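K.L.:
Sequence:
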Amino acid sequence: MDGFDNIVSVKWLKDHLSHPNVVVLNGTIQKVSSNFKSEEQQIENARFFDIKNAFSDASAEFPNTIPSEIQFQTEAQKLGINKEDFIVVYDEFGIYSSPRVWWLFKTFGHNNVAVLDGGFPEWKAEKFPTEVKTKKQYNSGNFIAKYNPNNIVYFESLEAINKDPNFKIIDARSSDRFMCRVPEPREGLRSGHIPNSFNLPYQNILNEHKFQHKEQIASTFKDLANNNQHLVFTCGSGITASILSLAATLLGYNNSVYDGSWTEYGTLTTGNMQDPKQWSKEELLAYILIFVAHSDLEETKKEKEYILSRVDKDIYKRVEEKFNQDNDYQSIQNIIEAVKTHDYYRNDLADLFADIKLMAFADGGFDIMEKEAYHYLKKILK
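62 is the number of the first residue of the sequence shown in our numbering; add one for each residue after it.
Everything labelled a hint here was simulated from the structure, so no lab data went into it. From a predicted model like this one, the values you see are computed outputs, not experimental measurements. Be careful, since some hints might not be right.
[Unchecked claim] Straight line, CA to CA, 27 Å or less: simulated BS3-like cross-link-like pairs of lysine-lysine: (1) Lys185 / Lys113; (2) Lys196 / Lys224; (3) Lys75 / Lys196; (4) Lys378 / Lys362.
[To be verified] Pair ranges (Cβ atoms, derived): (5) Arg371 / Lys75: 54 to 60 Å; (6) Asp375 / Gln132: 16 to 22 Å; (7) Ala279 / Ala186: 23 to 29 Å; (8) Ser99 / Gln273: 24 to 30 Å; (9) Asn388 / Ala279: 45 to 51 Å; (10) Glu100 / Lys378: 32 to 38 Å; (11) Lys197 / Leu329: 37 to 43 Å.
Virtual Cβ for every residue (Gly too), placed ideally from N, Cα, C.
Please work from the sequences and hints to get the whole structure.
P.N.:
Structural data, given as structure tokens:
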């Protein structure tokens with residue numbers, strides 16, 4: 062179809078909306094960290110593509126896991142999708158989850174799929190036709206899924222990929238999440254990033270709810286990778302990694318998405334405690350409290366109980382193991398390095414030192430060695 066590409070404008074869709082083979086899909090999902098109210102309206106004749114339920118493996122341990130070939134085919138047919146259809150997918154944020162739908166269709170062998178640049182916000186801004194959302198039944202389509210393994214990377218392959226200079230892993234999460242400055246939005250998931258990965262927050266290639274011009278995106282990618290490298294994109298759970306995958310495809314990079322992303326990797330690995338730059342704030346807090354507790358050579362039961370009231374027991378266990386490997390000089394250097402990484406400011410440090418005092422008083426006293434450790438930390442960290 063003339064003008065059809067991996068990205069189409071709202072004007073293109075408006076001009077082709079009545080074409081019998083154009084199928085419009087609403088691929089909206091809620092962002093993990095936002096209060097989202099779904100739109101009451103939709104683009105005319107749009108069909109809801111349910112990423113979370115119909116088009117993910119609900120039995121999998123991790124969110125948004127890619128479904129089986131037969132599940133994807135069956136659910137696509139239920140939406141009335143045919144193998145000759147041109148699919149345009151949008152979401153209600155502009156550019157967020159729609160590239161995930163694009164990536165899924167590509168991964169299951171359907172190349173005639175594009176993302177609506179600007180999504181529903183841009184469509185509404187142009188005052189193009191909308192309708193009230195209603196549940197509909199569709200005549201079964203003849204869509205056939207054909208799995209393409211080149212589009213996806215699994216956990217088992219990451220170690221080999223990490224050692225191969227022809228590959229580069231790029232993380233689409235915010236720099237604060239990548240650098241462990243803020244906790245992960247999924248409860249219980251540790252902070253961190255895949256070793257040797259690079260950070261390109263997906264927002265860096267967007268202008269509000271639309272993609273930047275291709276030349277701007279090309280300049281951003283050029284700073285990270287060369288055209289001979291295969292790019293592997295990761296994020297929290299495979300959603301925003303697909304945004305970078307779409308951009309890389311537009312630029313001609315060979316690429317794939319690590320489907321499990323940080324939710325899987327952060328769960329299945331224990332983290333790199335040897336590198337303080339990769340410690341989460343919880344790990345750093347645990348290390349500092351253990352350091353002060355041991356300043357008088359022994360951590361009391363009550364001090365340990367206080368530390369466990371502030372950090373998860375698994376974090377405590379791995380931090381304690383690391384602390385026991387370090388001498389005093391190494392401990393101080395680790396603390397300084399980690400505090401620098403997390404950009405502690407005055408209020409953060411005030412909270413940190415309040416925690417140290419509360420832990421020290423947990424056993425009823427603040428002995429001389431603990432006081433010295435406390436004042437020494439205040440001196441070097443201010």
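K.L.:
Now tell me, hint by hint, if it's right for this structure.
P.N.:
Each hint tested on the structure:
| no. | hint | in the structure |
| --- | --- | --- |
| 1 | Lys185 / Lys113 | holds (25 Å) |
| 2 | Lys196 / Lys224 | violated (49 Å) |
| 3 | Lys75 / Lys196 | holds (23 Å) |
| 4 | Lys378 / Lys362 | holds (15 Å) |
| 5 | Arg371 / Lys75: 54 to 60 Å | holds (55 Å) |
| 6 | Asp375 / Gln132: 16 to 22 Å | violated (33 Å) |
| 7 | Ala279 / Ala186: 23 to 29 Å | holds (26 Å) |
| 8 | Ser99 / Gln273: 24 to 30 Å | holds (27 Å) |
| 9 | Asn388 / Ala279: 45 to 51 Å | holds (49 Å) |
| 10 | Glu100 / Lys378: 32 to 38 Å | violated (46 Å) |
| 11 | Lys197 / Leu329: 37 to 43 Å | holds (40 Å) |
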